[in-house]
Amino acid sequence: MAVKPRIKLDKKEAKKGDVVEVKALVSHVMETGQRRDAAGNIVPRKILNKFTCTIAGKQVFAADFETAVSANPYIQFKFKAEQSGPVVLTWTDDDGSTIVGEETITVT
Amino acid sequence: MTPTFNRRQTLALGAGAMSVAVLGPLPGLAKNDSEEAIKKFTGGKTPVQGKIKLDLPEIAENGNTVPMTVTVESPMTEQSHVTDVLIVADENPRSGVVTFHFSPASGVAEANTRIRLAATQDVIAVAKMNDGSFFMSSKQVKVTIGGCGG
Chain B
698 MAVKPRIKLD KKEAKKGDVV EVKALVSHVM ETGQRRDAAG NIVPRKILNK
748 FTCTIAGKQV FAADFETAVS ANPYIQFKFK AEQSGPVVLT WTDDDGSTIV
798 GEETITVT
Chain G
370 MTPTFNRRQT LALGAGAMSV AVLGPLPGLA KNDSEEAIKK FTGGKTPVQG
420 KIKLDLPEIA ENGNTVPMTV TVESPMTEQS HVTDVLIVAD ENPRSGVVTF
470 HFSPASGVAE ANTRIRLAAT QDVIAVAKMN DGSFFMSSKQ VKVTIGGCGG
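Protein chains in written order, with my numbering: chain B, 698 to 805; chain G, 370 to 519.
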């Protein structure tokens, strides 16, 4: 599924030690597995259960989502700029597929 | 004299009956496994109140998407930082909401996401520090429309 997450860094160039804020939004149904369809059958659970953020290969932030995270999950967090490199955001689906988004941070 | 209802009384009766239907089971009976989830997270330790700021609206008009910000007071250095923050909701069909994993590279232990709340309830945050101590904080959110397919 070619879902393109929307990612925004509050600054793309930062001084070493600056705190950078990341905002990311991805479209996903986040089906809880507790709803029933019109025929009365339970709609199977399908959520993004894991989110990670790595910068230049090092994990700085992660989150485990449960069913109580809203549809089209939005996440906002911060990191301390240490080195330049790709900021890779990965969401893992219940079915094992992943949604990956990437931005670049330049640290001076 | 036969009891007659004017329009206003009839409407009031209808609204009363509806609110009973919507409220469903009495609050306090529908507790889920949030306490066990916290125990599992802390390994049986009792968390200390404080250090965490949970920013949630007092009243959520739509329980399907309630913005939530968690901030933990911590210098976030290698020596002293927050490692994990567990968020649970005690009246949702399932207690787990989200777990954040921080690292010293986070700079600030702060995260924001949007959550589902099925009913008026307490949202509880438990933070785990790198030295093995635990802190907790909770906040009640009044929900007017439930968020779990309700």
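Keep in mind that a hint or two might mislead.
To be verified - Looking from chain B toward chain G, a few residues come up when the C-beta cut is under 7 Å (computed): (1) Q731; (2) R742; (3) F758; (4) A760; (5) V766; (6) Y771; (7) Q773; (8) F774; (9) F776.
Hint data in this document are derived by calculation from the structure and do not stem from the laboratory.
We put the CB at the ideal spot given by N, CA and C, even for glycine.
### Query
Do the numbers back the hint for R742 of chain B, that is, is its least Cβ distance to chain G under 7 Å?
This hint is violated: R742 of chain B lies away from chain G, its Cβ roughly 10 Å from the closest one there, beyond 7 Å.
### Query
Once the shortest beta carbon distance from Q773 of chain B to chain G is found, is it less than 7 Å?
The hint holds - Q773 of chain B has a Cβ within 7 Å of chain G, the shortest such distance being about 4 Å.
### F776 of chain B as an interface hint toward chain G, with CB separation required under 7 Å
holds (6 Å)
### Query
Under the criterion of a CB-CB separation shorter than 7 Å, is F774 of chain B in contact with chain G as hinted?
Because about 4 Å separates F774 of chain B from the closest Cβ in chain G, which is inside the 7 Å limit, the hint holds.
### Message
Next item in the hint list is F758 of chain B. Is there a CB on chain G closer than 7 Å to its CB?
### Response
holds (6 Å)
### Task
With a cut-off of 7 Å on the beta carbons, see whether V766 of chain B makes it to chain G.
holds (6 Å)
### Message
Interface hint check: A760 of chain B, Cβ to nearest Cβ on chain G, cutoff 7 Å. Holds or violated?
### Response
Check passed: Cβ of A760 of chain B comes within 5 Å of chain G, closer than 7 Å.
### Query
Given Q731 of chain B as an interface hint, is the shortest Cβ-Cβ distance to chain G below 7 Å?
It holds, given that the least Cβ distance between Q731 of chain B and chain G is near 6 Å, below 7 Å.
### Query
Can Y771 of chain B be said to touch chain G, with a Cβ gap under 7 Å?
holds (5 Å)
In this structure, only the earlier hint numbered 2 is contradicted, and the remaining ones agree with it.
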